[in-house]
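A.B. asks: Those protein sequence lines, which keep their order, are chains A and B.
Mind the numbering: the first sequence is residues 221 to 370 in my numbering, read in order.
Mind the numbering: the second sequence is residues 9 to 517 in my numbering, read in order.
To be clear, the hints were calculated from the coordinates, so they are not data collected in a lab.
Heads up, the beta-carbon is just placed ideally off N, CA and C, and yes, glycines get one too.
Careful: at least some of the hints might be erroneous.
Under 10 Å between C-beta atoms, here's a sample of chain B residues computed to sit facing chain A [claimed, not checked]:
no.	residue
1	V54
2	W72
3	G171
4	M172
5	V175
6	S182
7	L186
Which bits of chain B does chain A cover? Going by a derived footprint, with three or more residues having C-beta under 8 Å, they are [stated by the list, open to error]:
no.	region
8	84 to 91
9	188 to 197
Have a look at the derived ranges for each label pair, beta carbon to beta carbon [stated by the list, open to error]:
no.	chain 1	residue 1	chain 2	residue 2	range
10	B	L211	A	A315	39 to 45 Å
11	B	R277	A	M231	31 to 37 Å
12	A	L247	B	V43	42 to 48 Å
13	A	A315	B	T374	55 to 61 Å
14	B	R277	A	A315	43 to 49 Å
15	B	G30	A	T311	54 to 60 Å
16	A	G236	B	V42	29 to 35 Å
17	A	G283	B	R32	49 to 55 Å
18	B	I424	A	L300	27 to 33 Å
19	A	H326	B	T374	41 to 47 Å
20	A	L247	B	D504	39 to 45 Å
21	A	A289	B	V42	42 to 48 Å
22	B	V42	A	L247	41 to 47 Å
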Amino acid sequence: MTGPTTINLAMAVTVGVLYTAGFYLLLQRSLMRVLIGVVVLGHGTNLLLQIAGGPPGRAPIVGTGNAEAITDPLPQALALTAVVITFALTTYLLALGYRSFVLVGHDEVQDDVEDRRIATQKMPSASLDDDQDHTDEDHTDEAATRQDPS
Amino acid sequence: MTALIALPVLLPILGAAITVIGSRSPTLQRMVGVVVLLAVSVIAVVLLVESDARGPLVAELGGWAAPVGISLVADRLSALLLLVSALVTLAVLVYAIDQRIADYGRGTVSTTFHPMYLMLSAGVSLAYLTGDLFTLFVAFEIMLTASYVLITRRTSAAKIRAGMTYVTVSLLSSLLFLTAIGLVYAATGTVNLADLAGRIELLPPGLVTVLGLMLLVVFGIKAAMVPLHFWLPDSYPTAPGPVAALFAGLLTKVGFYAMLRTQTLLFHREEPWTLLLVLSVATMLVGALGALAQNDVNRLLSFLLVSHIGFMLFGLAVFDAAGVSGAALYAAHHITVLATLFLVSGLITRRTGTVALDRMGGLARTAPGLAVLFAIPALTLAGVPPTAGFVAKLALLQAGVAAGPWTTAVAGVVIIASLLTLYALARVWVRVFWGEPKPALPDDDPDDEVVVGTAERTPVPMYSATAGLVAVSLAIAVFAGPLSAVTGRAGVDLLDREPYRTAVLGVGP
Chain A
221 MTGPTTINLA MAVTVGVLYT AGFYLLLQRS LMRVLIGVVV LGHGTNLLLQ
271 IAGGPPGRAP IVGTGNAEAI TDPLPQALAL TAVVITFALT TYLLALGYRS
321 FVLVGHDEVQ DDVEDRRIAT QKMPSASLDD DQDHTDEDHT DEAATRQDPS
Chain B
9 MTALIALPVL LPILGAAITV IGSRSPTLQR MVGVVVLLAV SVIAVVLLVE
59 SDARGPLVAE LGGWAAPVGI SLVADRLSAL LLLVSALVTL AVLVYAIDQR
109 IADYGRGTVS TTFHPMYLML SAGVSLAYLT GDLFTLFVAF EIMLTASYVL
159 ITRRTSAAKI RAGMTYVTVS LLSSLLFLTA IGLVYAATGT VNLADLAGRI
209 ELLPPGLVTV LGLMLLVVFG IKAAMVPLHF WLPDSYPTAP GPVAALFAGL
259 LTKVGFYAML RTQTLLFHRE EPWTLLLVLS VATMLVGALG ALAQNDVNRL
309 LSFLLVSHIG FMLFGLAVFD AAGVSGAALY AAHHITVLAT LFLVSGLITR
359 RTGTVALDRM GGLARTAPGL AVLFAIPALT LAGVPPTAGF VAKLALLQAG
409 VAAGPWTTAV AGVVIIASLL TLYALARVWV RVFWGEPKPA LPDDDPDDEV
459 VVGTAERTPV PMYSATAGLV AVSLAIAVFA GPLSAVTGRA GVDLLDREPY
509 RTAVLGVGP
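This is chain A alone, in the form it adopts within the complex (with noise of 0.2 Å):
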């Protein structure tokens, strides 16, 4: 279990070209693709898990060989959380599209209209007395960020 162990270079280049394709993936706006993304990576990431283990061996079960010769059953057992994990927060996040794709009419993530705001802000409004009615200037600065898709 402890010690030094070598692992395959196979799986090790597969869990790095599934980061790879993850992390490329959630950098997408559209959230299919971000979906896709953490779908990759989750499938990386229990790879690795399951390559911690060490090199395979036989089925870890009690009076069936030596204790040397048995596969390492923790690291098995910690991936089968983390596919249940995964697979559940998937269909979430599937669900969660959905419900952008029908509220929004397609599943692209949207700008934060508050920051660009506050981006777009002539003057900093910062000072302790000034409550001044740029009121109005403010709203249609929203509404007009609301509409401006780029």
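Let chain A serve as the given structure and place chain B on it in line with the hints.
C.D. replies: Okay, now just chain B, sitting in the frame of chain A:
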């Protein structure tokens, strides 16, 4: 006694099951929630007293001894945070129940709210109590999955974006956490925290650094440490008042607790941690300056939340008993005060119908009680003596000044960030409570669950729940002596590590 340690996790899960089965009966759902959280609070008190008197308490799940089985551990730090969290969860639940009754009547209840609320509470308790890295992951998942449902429940088109940011970022941090667990297991062959404490020291230093940094990033995302904080001011303000208060009070602090636990137990250092010092300065300043730019009261509070995470990071970065105990005390104070401020913001929004600061005014005249409820937590957060915030901040400053010139410099930043906090909250005060009273605006988003602009229908229990939390934060100030003694002993234990390891593994080093 050992069975008692599992109850803060089991009771809320059982309660969640009952609320699902009894979803036809609103009264049953409400009763179960309140009773369960009351019981958890009482158990947390017992655990705190016992662990302070006898050292860490350990429960071995399924009867398997420590490195093989999963153990639950209640030491001073986890019991204290469990107690504060349970009290906050209870107060927020009372507030949420009364808001629901006021807006929708006594006979209706949401099918998802109560089960998810209790599951979140179970996840928080498990995160505090677990002595196992993988169970910590499971605890985070329980907590976060419940929070995904709570934040995206009945969303409108404008708000679903924020929910997505929150879910995606949290999922990413969870997958990174899982990766870190895989690497830790591959390197050491165990996921038991107490066992890891001894084994990680035997690894090559480069590998230890990688594992330490991975866990720092994972919990940094969950605790909203700059530059990993961006999701928080985006998502929290869109949640309904009580949910935002619960998230602001608990979730980031659970992330910080996990960071505190893993870094002190697994990656012991003798010197202050330069990287975390830099990150804490960035967190304090970015959060405080970000708060100054906001016009939305909830976003302003979210940025202040980020800023004050930096204070706790500073305590951990000092990495001595004084710093760590200061961070623990600060976390306890921060959980109460942030939840209170978000609840007060919910009350303000009900009265004004808007979250925009420049469209409010004159509430000191129309709602003087609300002004008092805002003023006390605001002064506490800013750290004005003699509030709890001052006590906690003083502990951090003393630790910083005692640890060397660089930490003294960062202690200066702590003072600057406190002043900026005071300035940001003074802006809120001037705009919301002073000036001419403005008429309440109509609800701009009638589709969502939050009903605003209905001051007449704010029931007294909502004020009482908020006042109860104000009382908790005042109690922290009043009992500052015994509390800082407890956190002081907790800090010594955290850095000593032996009491924890001995309690879990049953033998000395």
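A.B. asks: Would you mind marking each hint as holding or not holding in the structure?
C.D. replies: Cross-check of the supplied hints:
1. At about 31 Å, the closest approach between the beta carbon of V54 of chain B and any beta carbon in chain A exceeds 10 Å, and the interface hint on this residue is violated.
2. Given the 10 Å rule on beta carbons, the hint for W72 of chain B is violated: about 12 Å separates it from the nearest Cβ of chain A.
3. Residue-level restraint check for G171 of chain B holds (minimum Cβ-Cβ distance to chain A is 7 Å; threshold 10 Å).
4. At its closest, the beta carbon of M172 of chain B sits 6 Å from a beta carbon of chain A; the interface hint therefore holds under the 10 Å criterion.
5. Using the Cβ-Cβ criterion of 10 Å, the hint placing V175 of chain B at the interface with chain A is satisfied: the shortest such distance is roughly 6 Å.
6. At its closest, the beta carbon of S182 of chain B sits 8 Å from a beta carbon of chain A; the interface hint therefore holds under the 10 Å criterion.
7. Given the 10 Å rule on beta carbons, the hint for L186 of chain B holds: about 5 Å separates it from the nearest Cβ of chain A.
8. Counting residues of the region 84 to 91 of chain B whose beta carbon lies closer than 8 Å to any beta carbon of chain A gives 0, which falls below the threshold of three, so the coverage claim is violated.
9. Only residues whose beta carbon comes within less than 8 Å of a beta carbon in chain A count, and the region 188 to 197 of chain B has 7; three or more means the coverage holds.
10. In this structure, L211 of chain B and A315 of chain A meet the distance hint of 39 to 45 Å, their C-beta atoms being roughly 42 Å apart.
11. For the pair R277 of chain B and M231 of chain A, the supplied restraint of 31 to 37 Å holds, since their beta-carbon distance comes to about 34 Å.
12. The hint said 42 to 48 Å for the Cβ distance between L247 of chain A and V43 of chain B, and at roughly 46 Å that hint holds.
13. Between A315 of chain A and T374 of chain B the beta carbon distance is about 42 Å. The supplied range of 55 to 61 Å is therefore violated.
14. For R277 of chain B and A315 of chain A, the Cβ-Cβ distance of about 44 Å falls inside the hinted range of 43 to 49 Å, so the restraint holds.
15. A hinted range of 54 to 60 Å for the beta carbons of G30 of chain B and T311 of chain A is inconsistent with their spacing of about 25 Å.
16. Checked against the hint of 29 to 35 Å, the pair G236 of chain A and V42 of chain B fails, with Cβ atoms roughly 50 Å apart.
17. Separated by about 51 Å at the C-beta atoms, G283 of chain A and R32 of chain B satisfy the suggested range of 49 to 55 Å.
18. For I424 of chain B and L300 of chain A, the hinted distance range of 27 to 33 Å is not satisfied, since their beta carbons lie about 50 Å from each other.
19. A hinted range of 41 to 47 Å for the beta carbons of H326 of chain A and T374 of chain B is consistent with their spacing of about 43 Å.
20. For the pair L247 of chain A and D504 of chain B, the beta carbons lie near 43 Å from each other, so the given range of 39 to 45 Å is met.
21. Under the hint 42 to 48 Å, the C-beta atoms of A289 of chain A and V42 of chain B, about 55 Å apart, miss the expected range.
22. In this structure, V42 of chain B and L247 of chain A meet the distance hint of 41 to 47 Å, their C-beta atoms being roughly 44 Å apart.
Checked against the numbered hints given earlier, the structure breaks hints 1, 2, 8, 13, 15, 16, 18, 21 and satisfies all the rest.
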